[in-house]
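Chains A, B and C, in that order, give the protein sequences.
Just so you know, we're using my numbering here: the first sequence kicks off at 29 and counts up by one.
Just so you know, we're using my numbering here: the second sequence kicks off at 29 and counts up by one.
Just so you know, we're using my numbering here: the third sequence kicks off at 29 and counts up by one.
Read the hints as simulated data drawn from the structure, not as lab findings.
It should be emphasised that the depicted structure is a prediction, and the values quoted were computed from it without experimental measurement.
Treat the hints with care, since some could be wrong.
Pairs count within a copy or across copies, as identical chains cannot be separated in the list.
Unchecked claim - Here are the computed lysine to aspartate or glutamate pairs in the EDC-like style, where the Cα-Cα straight-line distance is at most 20 Å: (1) K268 x E40; (2) K296 x E107; (3) K296 x D117; (4) K302 x D254.
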Amino acid sequence: MRHLITTNDLSEKDISEIYRLADSFLEGPTPHLLKNKLIITIFFENSTRTRSSFEVAAKRLGAEVVNLDVAKSSTKKGETLYDTAANLDAMGPNAIIVRHKSSGVPYTLSKHVNCSLINAGDGSHAHPTQALLDLFTLLRHFGDVRGKKIAIVGDIKNSRVANSNIELLRRFGMEVILVAPPHFLPKIDLASTYDIREVIDEVDAIMSLRTQTERHRYPIYASLKDYARDFCITKELIKKRDLIILHPGPVHRNIDISDEVLSDPRCKVLEQVKNGVAVRMGVLVKLLHG
Amino acid sequence: MRHLITTNDLSEKDISEIYRLADSFLEGPTPHLLKNKLIITIFFENSTRTRSSFEVAAKRLGAEVVNLDVAKSSTKKGETLYDTAANLDAMGPNAIIVRHKSSGVPYTLSKHVNCSLINAGDGSHAHPTQALLDLFTLLRHFGDVRGKKIAIVGDIKNSRVANSNIELLRRFGMEVILVAPPHFLPKIDLASTYDIREVIDEVDAIMSLRTQTERHRYPIYASLKDYARDFCITKELIKKRDLIILHPGPVHRNIDISDEVLSDPRCKVLEQVKNGVAVRMGVLVKLLHG
Amino acid sequence: MRHLITTNDLSEKDISEIYRLADSFLEGPTPHLLKNKLIITIFFENSTRTRSSFEVAAKRLGAEVVNLDVAKSSTKKGETLYDTAANLDAMGPNAIIVRHKSSGVPYTLSKHVNCSLINAGDGSHAHPTQALLDLFTLLRHFGDVRGKKIAIVGDIKNSRVANSNIELLRRFGMEVILVAPPHFLPKIDLASTYDIREVIDEVDAIMSLRTQTERHRYPIYASLKDYARDFCITKELIKKRDLIILHPGPVHRNIDISDEVLSDPRCKVLEQVKNGVAVRMGVLVKLLHG
Chain A
29 MRHLITTNDL SEKDISEIYR LADSFLEGPT PHLLKNKLII TIFFENSTRT RSSFEVAAKR
89 LGAEVVNLDV AKSSTKKGET LYDTAANLDA MGPNAIIVRH KSSGVPYTLS KHVNCSLINA
149 GDGSHAHPTQ ALLDLFTLLR HFGDVRGKKI AIVGDIKNSR VANSNIELLR RFGMEVILVA
209 PPHFLPKIDL ASTYDIREVI DEVDAIMSLR TQTERHRYPI YASLKDYARD FCITKELIKK
269 RDLIILHPGP VHRNIDISDE VLSDPRCKVL EQVKNGVAVR MGVLVKLLHG
Chain B
29 MRHLITTNDL SEKDISEIYR LADSFLEGPT PHLLKNKLII TIFFENSTRT RSSFEVAAKR
89 LGAEVVNLDV AKSSTKKGET LYDTAANLDA MGPNAIIVRH KSSGVPYTLS KHVNCSLINA
149 GDGSHAHPTQ ALLDLFTLLR HFGDVRGKKI AIVGDIKNSR VANSNIELLR RFGMEVILVA
209 PPHFLPKIDL ASTYDIREVI DEVDAIMSLR TQTERHRYPI YASLKDYARD FCITKELIKK
269 RDLIILHPGP VHRNIDISDE VLSDPRCKVL EQVKNGVAVR MGVLVKLLHG
Chain C
29 MRHLITTNDL SEKDISEIYR LADSFLEGPT PHLLKNKLII TIFFENSTRT RSSFEVAAKR
89 LGAEVVNLDV AKSSTKKGET LYDTAANLDA MGPNAIIVRH KSSGVPYTLS KHVNCSLINA
149 GDGSHAHPTQ ALLDLFTLLR HFGDVRGKKI AIVGDIKNSR VANSNIELLR RFGMEVILVA
209 PPHFLPKIDL ASTYDIREVI DEVDAIMSLR TQTERHRYPI YASLKDYARD FCITKELIKK
269 RDLIILHPGP VHRNIDISDE VLSDPRCKVL EQVKNGVAVR MGVLVKLLHG
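Just need the whole structure built from these sequences, with the hints factored in.
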C-alpha cells in the first residue's frame, strides 16, 4: 500500500494499525517517526481546515512540509496536472497530499509519481481521511460499532464525506440510514427517508453534513431556512436521547446543527477535529514509515 | 498568565523577565526552548512584517509554525470566528497568534481556547508586542527611561501602536507628549500640542506613527504633503539634538520621516525590527515554556 | 563570495565545489549542514516551481524557511524595495532569496543587506541557479562538455534562462548556437539561425525555452501553433539522433516540445528538476556553511 485514494485502499487490518497509532498519539509525547521525510501539500480547492490538520500531523511527527500555493502555481501557466505532479515528484518528496474539485484527479496523479499520494478530498468522490476520523470517533465513543445505527443527514449525493463514510462504516458493521430530500439522495441500495423524525428513535449517531451551495446550482429549497426547518439537528429533535452527533465541519450554525446542540456534550465536532490530527498522523506513519 | 491581549496583562516583573530573555537572545546562540511546541498564526488583516517577525521568533526557538491563509479559510464559508478559534484549538497548538481589524476579537477568542492566545494587533485597540519592543529599544538606548520625555507624533487616535505605548511607557515612568492635528488626538488626559516645534527642545525621543489612510475616511489634510509639512520628522527639525527616533514601520518616506533622518544613526527603525524578533522570542518563552 | 546574483559571481572552482556537493546530495542521506540557519524567500513574481525547489533544498539541509507572501506584503503599503530588504535583513536571516520581474533588483538589494542575497530570477537578466542546474545536468550526462554543441531554441532575447546559460556554458567550453525567429534573437556575437533543421545534425543538446507571452507584447506569429510548426522539438525533428533535450519548465506541451519527445528518455526535463534541488542545496551550503 503506497497511496491512499479511497477507504477501499485500506484493509481492516491496515485501519486497526492506523487507529492503534492514533490512540497512542492522543496519549503521549510524539516520537519523530517521520524525521527527514518531506511532504508536499497541493490543494487545488481551498481547505484551510484539512490542509492545516495534515500540516499539524506531519510536523508533530518531525516531517518537513512544503505547501504549494496553487493559485499562483504553474497550473496558471498552462501546465498540465500530470506535469505538475511529475515535477513535484522529481523533487523527491515522500508524499504528496492533494485536494481537487474534480473526482478522480488523485487517482490519475498517483499513476505518475514514485512517492505516496494521499487524497485530501476529490470532487464528490472520496475523502478517505475524513471517514477514517469519523469511524475512529465512533469507535472511541462506542467501543464496538457493530450493529450500531447511524443516520447521515443532508446533501448526501454531492458529498465525498458521505461517500467515503458509507463504504467504511458499513464495512465495520454499522447500519447506515440516509436522510435527505429526494434530490439529495444518491441512487444506492440503502435504507432512506425524507424525514429524520421517522428514524430518530432508532439511531445511535447522526452525521450531519454541510449544506453545500457550491456543487449544485438549482435551489432545492426556497431558502436555507426552509431546509433547516426539516433537517437541522435541534434540541427539540434529539431531546434527551442517547446518541451522538458528528459533522465534518465547518458547521453552518442553525442550518446544519443548532447553537444549542453544538454546545451539547453529545456533539463531537471538536473531538473529531482533535481525532483528525491523530488519525492523519497514523495514516502518514502507516504510509511513510519504515 | 496564559494570554497576551494588552500590555496590561503583563506585570513589570513579567516584562523584566521577557527583556532579560530578549537580551540573551540578542547575544548568543538560541537554545531550542520551544522544541515540540506548535504555534498557529492567523492574520485576518495583512501584515507580512509582524507575521514574519513572530514566525522567525518561533522558529529560532525550535517551535513548529503553521500559518493559516485566511483569505482562503473557512471564514469564507461563513464559519463564525468563535468556531474557527475553537477548531484551531482542537488541533492542539500551544499558542494561536491573531491579528484582526476589529478591536476586541483576540480577547473574545481567548475565552474559547485552551492554548495561549497572543494579540498581534486588533483594530485601533492594542498591539502589545509592538509596545514591548519599543520600550525595549528605549531601555537599551537610555539604560533608565524614568523621567525621559517622548513625543508620539501622528494619527494617535486611530493607532493601536500609540494606545499600547501610552499605557506601557507611562507605567515605566516616561512622560508622554502627544503631537497631532486636532482630529488625530484622542480624548485622553495627557500633554498635547499641534506643533512639534513647541516641544522639540524638551524630548529625548520621538515616536513617529505611520500615516494611516485605511482606518478613517475623510481627509484631514488636502494632501499627505500638507500633513508632512507639519509632522514629518526632518533634519531641519531635529538638527543636532540629542534624541532618538522610533517608528513601528513600514515608514512612509518623506511623509512620516525624511530620507535624511532615516539614515541618521539616531533613527532606530531597523534596531526596532531586530529587537522585535528578540522580544517576541521572550514573549513566546514566557508564555509557553515550562 | 556572499551573494549569488549572476553566474559571473562564481569562479570555476566555486562551481566545481557546488557540483561536488550536489553529487553527494543525490547519493546519500543529507547531513543537516544548515541547522539553525534561517532563510527568507520573497518572490515578487510567481514561481511555485523555483520557490518550492529552494524550499525543499533548504529544508533537506535542516534550515528554517520563512516564505513571504508578497501579494500581501508591505510593498502594498507603499514601502520601498530598499526598506523591505533592509527590514528583512534586520530580522537576522542567513539568506534572502529573491525573484523580481525587474532586471537588477537583486543586485540593488544586495547592497542593503548583511546576509547573503540569492537571485532566483530577475526580469530578462539572469537566473543563475537555473543555468547551474542545466550545466550540471549536461555534465552528468556527457562527463565532459568541452567542445559539445548546444542549440538554445525559442524566445532567447527575453529569457533570463538563456542569458545565464550563454555565459556559463561558454565558460565551460560549450559551443552555443542560437535558434529563433529574428525578433527573438539578441544582438550578440554568436552563431545563430532561424531554422533548427540547419543545425540539428551538429548538436549534442537542445535547450528548448518556454514560449513567454508575458514579457513582450506584439505577436510575432499569428498563433502559437505557427510558432510550434517551426520551433517545437518533435520526434520527426530529432529522429534517432544521439542528443539530449533540456527545458527549464514549465513546458508548453506541443508548442515547446511534443508529447512524444517529452516521454523519450533523451528528454531530461524531470532530471533537471531533481538536479535543481541538489544544485540549490550545493549553492546554499557554499554560501552559508562555515
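Evaluation of the provided hints:
Taking the shortest Cα distances, K268 and E40 never come within 20 Å of each other, neither inside one copy (34 Å) nor across copies (51 Å). With identical chains, the CA atoms of K296 and E107 are at most 20 Å apart between copies only, with a shortest distance of 17 Å across copies and 42 Å within one. Proximity of K296 to D117 under the C-alpha cut-off of 20 Å is restricted to the inter-copy arrangement: shortest distance 14 Å between copies versus 37 Å within a copy. In this assembly of identical chains, K302 and D254 lie within 20 Å of each other by CA distance neither inside one copy nor across copies; the values are 32 Å within and 55 Å between.
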